[in-house]
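Asks: I would like the entire structure built from these sequences, with the hints used as guidance.
Protein chains in written order, with our numbering: chain A, 98 to 464; chain B, 98 to 464.
Keep in mind that the hints were calculated from the coordinates and are not lab data.
It should be emphasised that the depicted structure is a prediction, and the values quoted were computed from it without experimental measurement.
One or more of the hints may lead you astray.
Any copy, or any two copies together, can satisfy a pair, since identical chains are not distinguished.
Restricting the straight-line Cα-Cα distance to at most 25 Å, the calculated cross-link-like pairs of lysine to any residue (SDA-like) are [claimed, not checked]:
id	residue 1	residue 2
1	K122	A99
2	K412	E242
3	K122	P398
4	K122	R261
5	K122	S138
6	K122	S104
7	K122	R402
8	K412	V245
2 protein chains.
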Amino acid sequence: MALIAPSRRLRRTPFTDGVEASGVKGYTVYNHMLLPTVFRSVEQDYRHLKEKVQVWDVACERQVELRGPDAARLMQMLTPRDLRGMLPGQCFYIPIVDETGGMLNDPVAVKLAEDRWWISIADSDLLFWVKGLAYGWRLDVLVDEPDVSPLAVQGPLANDLMSRVFGDDVRDLRFFRFGWFEFEGRSLVVARSGYSKQGGFEIYVEGSDIGMPLWNALFEAGQDLDVYAGCPNLIERIEGGLLSYGNDMDRRNTPHECGLGRFCNTQTAIGCVGRDALLRVAQEGPVRQIRAIELPGDSVPPCDRLWPLMAGDVKVGHISSAAHSPDFGCGVAIGMVRMTHWDAGTELTAITQDGPRMARVHERFWK
Amino acid sequence: MALIAPSRRLRRTPFTDGVEASGVKGYTVYNHMLLPTVFRSVEQDYRHLKEKVQVWDVACERQVELRGPDAARLMQMLTPRDLRGMLPGQCFYIPIVDETGGMLNDPVAVKLAEDRWWISIADSDLLFWVKGLAYGWRLDVLVDEPDVSPLAVQGPLANDLMSRVFGDDVRDLRFFRFGWFEFEGRSLVVARSGYSKQGGFEIYVEGSDIGMPLWNALFEAGQDLDVYAGCPNLIERIEGGLLSYGNDMDRRNTPHECGLGRFCNTQTAIGCVGRDALLRVAQEGPVRQIRAIELPGDSVPPCDRLWPLMAGDVKVGHISSAAHSPDFGCGVAIGMVRMTHWDAGTELTAITQDGPRMARVHERFWK
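Replies: Right, here's the structure in full:
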């Protein structure tokens with residue numbers, strides 16, 4: 098496997114010094130920024146995540162900030178999810194689509210106030226789309242990328258670790274809610290959220306200068322909890338059915354194909370881009386959709402390209418993410434499958450770079 | 098140094114099989130795609146590029162295609178460079194800026210016809226900006242990323258190699274002009290251009306299926322020319338002053354700061370986004386600007402972050418790209434320097450991750 102070549106263009110984060118000191122072994126690039134992918138081994142990281150607590154450098158979840166009188170109007174233009182009931186202090190997972198209903202990003206919206214929002218983005222320059230719309234529609238809103246870098250604390254012991262640094266009130270945060278918590282005199286947004294199914298928090302670290310002090314404080318407070326550096330874990334996120342923009346979906350897919358139809362309130366999300374196309378999709382339903390796919394066997398090659406899913410000689414879909422799961426004793430994968438073959442139990446053939454593999458449509462994700 | 102973790106999100110190109118077979122050692126990620134950075138060593142690649150001919154997988158220079166009656170109008174909105182005199186068959190290097198004059202990309206525009214253009218982009222999702230503008234202004238134009246992957250042939254023997262595959266007419270192409278040339282019955286855009294100062298071509302390979310056939314044809318035709326796989330070379334591009342978006346400039350910089358003022362015809366490029374801001378800048382001139390920087394000494398650490406440039410205790414700029422140049426016997430670098438200290442010969446201190454270094458403002462780039 099090849100090395101990643103250092104350059105300023107692949108931005109370091111406020112936590113990279115800590116990540117390097119923890120022995121990071123692999124990186125990916127996400128929003129032009131370094132995102133760790135493995136520390137000890139993907140399997141060891143996986144086991145530790147499920148049993149202990151980890152600190153994740155997810156600074157690459159950059160924020161797009163919307164500020165000004167038209168901020169709420171622009172937010173509703175961006176997504177088919179109805180935001181009218183959303184209150185300050187809430188986070189919403191929102192599909193963002195273009196005029197044809199194609200996915201541009203699947204971020205988490207953070208409502209700081211009526212006229213101030215963050216969009217915590219997946220891997221695409223959503224800033225460019227938001228700025229283009231704001232300019233084209235002459236909206237009265239400032240759109241920018243602030244100096245805010247999320248740091249995630251994930252795993253079953255996350256409550257214990259976080260309460261030692263931020264106080265016991267952090268335990269009362271409900272899922273996808275956030276509050277303001279103090280660290281070294283700074284007030285930070287802390288949300289109960291994160292890109293795993295093990296529970297935990299995301300700290301929106303505002304100001305790069307307190308990145309390493311916070312990183313160090315968490316590690317010092319968690320020594321007896323066996324806290325370790327971690328990162329989104331390929332195996333765990335596939336088991337849990339957490340989609341990855343650019344891997345499992347892109348601009349060619351509608352939210353309905355991605356199984357995100359429940360976040361499309363196309364009848365009531367007045368003014369959203371892509372409404373016409375999505376009304377049509379909502380009426381007819383998608384002809385292909387994301388499915389959990391089981392790959393029986395003891396190992397899985399790295400899924401660095403789409404693997405066609407074949408029913409005999411006919412291509413009926415593809416796999417976009419795959420890994421071997423120690424807990425479930427098989428390969429776990431995310432695929433997009435045509436409706437003719439998407440029923441649970443359907444047996445297909447996946448064409449990997451190492452040859453064909455039996456692939457079975459699974460009823461649901463594993464956890 | 099860390100490994101790059103494989104995933105579908107870091108897209109392979111139509112040439113990746115060839116790149117791997119040629120023993121690629123390092124990658125970067127560019128427009129969500131793999132871009133090789135080194136084959137034998139950066140120094141060996143550099144020497145070979147200057148003496149022979151190389152084939153480069155630059156598929157990551159993705160195209161944004163504009164097609165339709167409003168294509169030309171939208172193109173002129175995108176850039177302060179006056180496009181009125183541009184003819185089909187020409188390539189123009191164009192700064193693209195936001196409403197404040199901040200750089201969003203510095204691509205090459207390829208005019209295929211009055212109503213059909215490609216924008217061959219640097220590393221940002223320019224597609225999102227172009228789509229946002231087209232939607233906001235309700236323009237009658239289709240905007241998309243076509244299946245077009247540039248393959249570059251660079252080096253002093255490029256004419257010889259290209260004429261063996263595409264015929265002798267390719268020798269007559271003038272700089273930044275393109276023509277249509279046949280390969281296996283397909284008509285491809287071939288331009289005299291490329292991200293080096295050694296001369297050569299870029300082939301806009303339309304259709305992924307002919308990627309490897311063309312790659313192989315070039316290598317077979319060039320055996321006696323010592324053709325080898327290559328890539329944009331860090332040393333050579335800094336010697337030549339070729340800027341890299343995301344490294345040497347970003348959204349915070351105006352074209353004038355980047356030394357691209359000559360591409361800003363702000364008085365005549367009617368309708369371009371950012372005109373008001375750039376008129377102001379053109380009047381006052383930039384207060385900081387790109388400069389060639391010499392780093393005396395025998396080696397240079399990897400420039401993976403901005404290196405502050407200090408005059409005593411005062412920060413007067415930064416270095417964004419650096420490498421050791423065998424041919425010039427010193428470190429060569431690209432910096433952004435305040436006008437108070439940008440005169441040739443000024444001696445400053447660069448703060449690298451390995452400590453301070455003397456840095457001298459150089460009169461011009463080296464080649």
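Asks: Compare the structure with each hint and give your call.
Replies: Here's how the hints hold up against the structure:
no.	hint	result
1	K122 to A99	both (12 Å within a copy, 5 Å between copies)
2	K412 to E242	between (41 Å within a copy, 24 Å between copies)
3	K122 to P398	both (19 Å within a copy, 20 Å between copies)
4	K122 to R261	neither (29 Å within a copy, 44 Å between copies)
5	K122 to S138	both (8 Å within a copy, 22 Å between copies)
6	K122 to S104	both (17 Å within a copy, 16 Å between copies)
7	K122 to R402	both (22 Å within a copy, 20 Å between copies)
8	K412 to V245	between (43 Å within a copy, 24 Å between copies)
In summary, the one numbered hint that this structure violates is 4.
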